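**Q** Take these sequences, add in the hints, and give me the full structure.
Just so you know, the protein sequences line up as chains A and B, in that order. Using this note's numbering, the first residue of the first sequence is number 1, and each one after it goes up by one. Using this note's numbering, the first residue of the second sequence is number 259, and each one after it goes up by one.
To be clear, the hints were calculated from the coordinates, so they are not data collected in a lab. A quick note: this is a predicted structure, and the numbers were derived from the prediction, not measured.
With a straight-line Cα cutoff of 25 Å, these simulated SDA-like cross-link-like pairs (lysine to any residue) come out:
hint: 1; chain 1: B; residue 1: K279; chain 2: A; residue 2: D45
hint: 2; chain 1: A; residue 1: K65; chain 2: B; residue 2: S283
hint: 3; chain 1: A; residue 1: K126; chain 2: B; residue 2: E287
hint: 4; chain 1: A; residue 1: K126; chain 2: B; residue 2: Q350
hint: 5; chain 1: A; residue 1: K126; chain 2: B; residue 2: T348
hint: 6; chain 1: B; residue 1: K320; chain 2: B; residue 2: A344
hint: 7; chain 1: A; residue 1: K117; chain 2: A; residue 2: S83
hint: 8; chain 1: B; residue 1: K279; chain 2: A; residue 2: E59
hint: 9; chain 1: A; residue 1: K126; chain 2: B; residue 2: A327
hint: 10; chain 1: A; residue 1: K126; chain 2: B; residue 2: R291
hint: 11; chain 1: A; residue 1: K126; chain 2: B; residue 2: A262
hint: 12; chain 1: B; residue 1: K279; chain 2: A; residue 2: S32
hint: 13; chain 1: A; residue 1: K85; chain 2: A; residue 2: A41
hint: 14; chain 1: A; residue 1: K126; chain 2: B; residue 2: A353
hint: 15; chain 1: B; residue 1: K279; chain 2: A; residue 2: D57
hint: 16; chain 1: A; residue 1: K71; chain 2: A; residue 2: E97
hint: 17; chain 1: B; residue 1: K320; chain 2: A; residue 2: W206
hint: 18; chain 1: A; residue 1: K126; chain 2: A; residue 2: A74
hint: 19; chain 1: A; residue 1: K126; chain 2: B; residue 2: S283
hint: 20; chain 1: B; residue 1: K279; chain 2: A; residue 2: T60
hint: 21; chain 1: A; residue 1: K126; chain 2: B; residue 2: Y330
hint: 22; chain 1: B; residue 1: K271; chain 2: A; residue 2: I47
hint: 23; chain 1: A; residue 1: K65; chain 2: B; residue 2: R261
hint: 24; chain 1: A; residue 1: K153; chain 2: A; residue 2: D180
hint: 25; chain 1: A; residue 1: K126; chain 2: B; residue 2: P323
Stretches of chain B that chain A covers, calculated by requiring three or more beta carbons in the stretch to come under 8 Å of a beta carbon on chain A:
hint: 26; segment: 279-289
hint: 27; segment: 319-328
For each label pair, taking beta carbons as the anchor points, the in silico distance ranges come out as:
hint: 28; chain 1: B; residue 1: Q350; chain 2: A; residue 2: W206; range: 20 to 28 Å
hint: 29; chain 1: B; residue 1: R291; chain 2: A; residue 2: K153; range: 38 to 46 Å
hint: 30; chain 1: A; residue 1: T69; chain 2: B; residue 2: V316; range: 43 to 51 Å
hint: 31; chain 1: B; residue 1: D302; chain 2: A; residue 2: G141; range: 32 to 40 Å
hint: 32; chain 1: A; residue 1: D171; chain 2: B; residue 2: I299; range: 30 to 38 Å
hint: 33; chain 1: B; residue 1: T354; chain 2: A; residue 2: S221; range: 36 to 44 Å
hint: 34; chain 1: B; residue 1: G341; chain 2: A; residue 2: L186; range: 45 to 53 Å
hint: 35; chain 1: A; residue 1: T60; chain 2: B; residue 2: V285; range: 16 to 24 Å
hint: 36; chain 1: A; residue 1: W206; chain 2: B; residue 2: Y322; range: 18 to 26 Å
hint: 37; chain 1: B; residue 1: A326; chain 2: A; residue 2: D33; range: 18 to 26 Å
hint: 38; chain 1: A; residue 1: S111; chain 2: B; residue 2: A268; range: 35 to 43 Å
hint: 39; chain 1: A; residue 1: T114; chain 2: B; residue 2: K271; range: 52 to 60 Å
hint: 40; chain 1: A; residue 1: E234; chain 2: B; residue 2: R291; range: 26 to 34 Å
Idealized CB from N, CA, C, for every residue including glycine.
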Amino acid sequence: MSRASFVISLVIAVATTARAADIPLDQRRSDSDFVSADTLAMQNDDIANPAMLVVLDGETLWNTKAGATNKSCADCHGDAAKSMKGIAAHYPAFAPELGRPIDLQQQINLSRVTDQKAEPLPFESKELLALTAYIARQSRGMPVAVKDDAQAKPFIDAGRVIFEKRQGQLDLSCAQCHDDNWGKKLAGNLVPQAMATGYPIYRLEWQEVGSLQRRLRNCMSGMRAEPYDFGSPELVDLEYFLMWRARGLAMESPAVRP
Amino acid sequence: MARALIHVPASAKKGDVIEIKTLISHVMETGYRIGVTGQPIPRDIIDDFVCTYNGEEVFHAKLYPAIAANPYISFFTVATESGTLAFSWTDQHGATQVQTAAITVE
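**A** Right under this line is the structure:
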């Protein structure tokens with residue numbers, strides 16, 4: 001390589017990575033560190049956390065028979081406190097039958113369709129959120145441990161591209177807020193690091209429980225970008241990247257956020 | 259019926275001040291919001307909450323549209339005798355949900 005072309009390629013490299021690097025592993029903090037003391041107290045008290053009502057609905061659904069096979073989740077998986085412990089910390093995960101990763105909600109629907117012979121539940125439906133929250137609750141306190149093997153890598157990388165890509169009328173990327181400017185204020189709120197360890201969350205603004213996909217679509221609307229559809233590969237890739245980025249942090253589902 | 263969570267200490271000493279916590283699932287729709295069709299979403303709230311301790315009223319609250327969804331109500335009372343605390347939530351249509359919790363007082 002000539003000296004001139006080396007300089008040019010160096011300039012290009014700098015131009016395309018003109019943002020801070022990933023947050024160092026030991027500086028990562030749960031999004032709970034960025035909420036008020038009141039909100040955190042609400043999250044950590046099972047009587048005050050409104051998402052626990054949804055978790056209880058999920059427990060009922062777990063034991064409810066459904067579909068042509070007339071089987072409940074419990075008929076195959078037994079006690080969720082044992083069989084689902086740590087499961088949510090491993091999602092999104094690669095689904096061989098689809099040749100790509102799926103998130104926990106899609107896994108629940110996959111199991112409904114293939115094992116229970118039941119109709120899939122719509123995204124953001126009460127039932128799907130309840131089952132997801134109930135399963136995720138069983139992983140509370142466990143470290144996020146999504147697979148990042150060769151099979152998963154292309155999808156995590158695709159998620160990173162979306163995370164770092166400027167989009168929308170405001171021409172913002174996720175990374176500009178959550179990698180470069182976390183801890184500062186956006187309007188009256190602290191910008192968190194976007195460690196997706198507490199989903200599904202009870203969001204005070206929503207007055208109800210919602211999924212990570214709903215939250216991501218919210219952020220995209222905020223950037224004046226066209227949000228990806230629920231269940232789209234792009235959203236799952238982004239979820240996968242976010243969970244990989246939060247690897248090792250403790251699960252907090254169901255968290256409470258402002 | 260709506261799902262409710264109640265926390266009452268299982269046992270207490272006579273004369274102790276005890277904290278009681280309740281949470282119930284409810285949309286608490288204010289009546290001030292506009293739905294996707296442009297029509298106002300009708301008001302739908304719980305407007306009354308009562309706690310009785312062995313039949314005697316120890317706490318009573320009126321709720322209004324400014325109360326958030328899934329109302330969380332916590333309060334204190336004095337443990338006087340073993341028995342039952344009954345909690346009842348009544349919505350604006352008059353439907354009431356009652357749930358009870360037992361306490362042992364030594």
